[in-house]
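Residue numbers (the numbering used here): 24 to 415.
Everything labelled a hint here was simulated from the structure, so no lab data went into it. Please note that the accuracy of each hint is not assured.
Here are the simulated EDC-like pairs of lysine to aspartate or glutamate, each with C-alpha atoms no more than 16 Å apart in a straight line [claimed, not checked]: (1) Lys243 - Glu206; (2) Lys105 - Glu199; (3) Lys147 - Asp123; (4) Lys264 - Glu199; (5) Lys386 - Glu103; (6) Lys409 - Asp339; (7) Lys346 - Glu406; (8) Lys241 - Glu206.
Label pairs and their calculated CB-CB ranges [as the list claims (entries may be wrong)]: (9) Pro114 - Asp320: 43 to 49 Å; (10) Ser382 - Arg124: 44 to 50 Å; (11) Pro114 - Asp339: 43 to 49 Å; (12) Phe157 - Leu63: 33 to 39 Å; (13) His414 - His156: 50 to 56 Å; (14) Asp339 - Gly240: 29 to 35 Å; (15) Lys222 - Leu274: 45 to 51 Å; (16) Asp46 - Ser393: 28 to 34 Å; (17) Val371 - Arg284: 23 to 29 Å; (18) Arg284 - Thr65: 37 to 43 Å.
Even for Gly, the Cβ is constructed at its ideal location relative to N, Cα and C.
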Amino acid sequence: MDPRTNPYSPGAGSPPPELAGRDDLIERAAISIDRIRNGLATKSLLMVGLRGVGKTVLLNRIRLDADARGISTVFIEAPERKSLPALLSGPVRAALLKLDRIQNAGDKAKRALRVLGGLIKAAKFEYTDVEFHFDLGSEPGLGDTGDLDNDLGDLLQAIGEAASERRTAFAIFIDELQYVEEEQLAALITALHRCAQSKLPVTLIGAGLPQLIGNMGKAKSYAERLFDFPSVGPLSEEAGKAAIVVPARKLGIEYQDEAVRMILADTQAYPYFLQEWGKHSWDVASGSPITEKNVDDARRSALVELDMSFFRVRFDRLTPAEKRYLRAMANLGPGSHRSGDIATDLQVTVQSVAPTRSSLIAKGMIYSPSHGETAFTVPLFDEFMKRAMPHE
Numbered sequence: 024m025d026p027r028t029n030p031y032s033p034g035a036g037s038p039p040p041e042l043a044g045r046d047d048l049i050e051r052a053a054i055s056i057d058r059i060r061n062g063l064a065t066k067s068l069l070m071v072g073l074r075g076v077g078k079t080v081l082l083n084r085i086r087l088d089a090d091a092r093g094i095s096t097v098f099i100e101a102p103e104r105k106s107l108p109a110l111l112s113g114p115v116r117a118a119l120l121k122l123d124r125i126q127n128a129g130d131k132a133k134r135a136l137r138v139l140g141g142l143i144k145a146a147k148f149e150y151t152d153v154e155f156h157f158d159l160g161s162e163p164g165l166g167d168t169g170d171l172d173n174d175l176g177d178l179l180q181a182i183g184e185a186a187s188e189r190r191t192a193f194a195i196f197i198d199e200l201q202y203v204e205e206e207q208l209a210a211l212i213t214a215l216h217r218c219a220q221s222k223l224p225v226t227l228i229g230a231g232l233p234q235l236i237g238n239m240g241k242a243k244s245y246a247e248r249l250f251d252f253p254s255v256g257p258l259s260e261e262a263g264k265a266a267i268v269v270p271a272r273k274l275g276i277e278y279q280d281e282a283v284r285m286i287l288a289d290t291q292a293y294p295y296f297l298q299e300w301g302k303h304s305w306d307v308a309s310g311s312p313i314t315e316k317n318v319d320d321a322r323r324s325a326l327v328e329l330d331m332s333f334f335r336v337r338f339d340r341l342t343p344a345e346k347r348y349l350r351a352m353a354n355l356g357p358g359s360h361r362s363g364d365i366a367t368d369l370q371v372t373v374q375s376v377a378p379t380r381s382s383l384i385a386k387g388m389i390y391s392p393s394h395g396e397t398a399f400t401v402p403l404f405d406e407f408m409k410r411a412m413p414h415e
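Using the sequences provided together with the hints, build the complete structure.
Listed below in structure tokens is the structure:
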């Protein structure tokens, strides 16, 4: 069929044509933000899940919904090795300027901008990646000590007061939160705790890989009382079917029931893979309905596409030792595996490969579901490793 009308949208953070199975989580986030705006206590929300489950899509959807309700928002993606002050400075400035332009705005947004200016000047001495070319002034004694725990608390408090003055809330959206370093993560948690104690309308809606829960607990022991950690996983059978069938049906194209079952089995109902299989099934089909044969043909082209992009971009970042470690995990099959079993497959000791395991966790390739266990953060990566390294 015509690829110009293909409704499916595999891609990093690309919104699917049918956001199926996530309504409860979207509503949960909306309730949390609205409670904060109304001066009611609630926990910040941090979504955790593997790659390809649609966390970024959800963050964007929740943010857009919040924007439409008049919430002041900031969206940040946290890459590896970039400091939190560097990430926050530009987006927070833009949000505060927008808040300051609201009709009849008071002075508190301008004050928050000055606090931000002081934080940036102080942070430049500690974090070399902080580059900011605007002089926002400063608010003497607030946000200018060079101690991120204290300064970030001053900033979020000033922002909360400005948002409260405008009868709105300030929601910080951070994707890939697991990459924020522990010390800086601790400062963010402390600042949010300070706002919560003062009943200021500031909240964090974040997303990250499963290790984020442990990272938060290590950064601050009380994090579990300040945040909810909803799990984002593969879709249910009903939602997975809707993600595939509904976009095509809107264009007058149907699927054979068995074709849908094949797609759900191949993809394990992970949203990213559903989009990839839907795209390729559409492209190889000659018309309605899309058949089992179409899906079988699409499977080959979808795997080639994934191997060249989604999987390969992660594989190419690995050292030879890291690749061997992941190949040993793949030998053991899907699911999580004990570190001892992986070491046995490699014919080495657990202690000798512990640094490799730690570096893979830091790169976001694996995580520990429980003590001594290791699993891939990327669904279907075990099968890719067998294709990429067939003779290991």
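Structure-based check of each hint:
1. Lys243 - Glu206: holds (10 Å)
2. Lys105 - Glu199: holds (12 Å)
3. Lys147 - Asp123: At roughly 25 Å apart (the allowed maximum being 16 Å), aspartate 123 and lysine 147 break the hint.
4. Lys264 - Glu199: Since the Cα atoms of lysine 264 and glutamate 199 sit roughly 28 Å apart, the hinted pair is violated (cutoff 16 Å).
5. Lys386 - Glu103: holds (8 Å)
6. Lys409 - Asp339: holds (15 Å)
7. Lys346 - Glu406: holds (13 Å)
8. Lys241 - Glu206: holds (10 Å)
9. Pro114 - Asp320: 43 to 49 Å: Once the Cβ atoms are compared, 44 Å apart, the range 43 to 49 Å for aspartate 320 and proline 114 holds.
10. Ser382 - Arg124: 44 to 50 Å: Check passed, 46 Å falls within 44 to 50 Å.
11. Pro114 - Asp339: 43 to 49 Å: Hint violated: Cβ distance 30 Å, outside 43 to 49 Å.
12. Phe157 - Leu63: 33 to 39 Å: 35 Å Cβ-Cβ, so the 33 to 39 Å window holds.
13. His414 - His156: 50 to 56 Å: holds (53 Å)
14. Asp339 - Gly240: 29 to 35 Å: Between aspartate 339 and glycine 240, where Cβ atoms are some 32 Å apart, the hint holds.
15. Lys222 - Leu274: 45 to 51 Å: Once the Cβ atoms are compared, 49 Å apart, the range 45 to 51 Å for leucine 274 and lysine 222 holds.
16. Asp46 - Ser393: 28 to 34 Å: For serine 393 against aspartate 46, whose Cβ atoms are near 30 Å apart, the range 28 to 34 Å holds.
17. Val371 - Arg284: 23 to 29 Å: For arginine 284 against valine 371, whose Cβ atoms are near 42 Å apart, the range 23 to 29 Å is violated.
18. Arg284 - Thr65: 37 to 43 Å: holds (40 Å)
Violated hints, in rising order: 3, 4, 11 and 17; the structure is consistent with all others.
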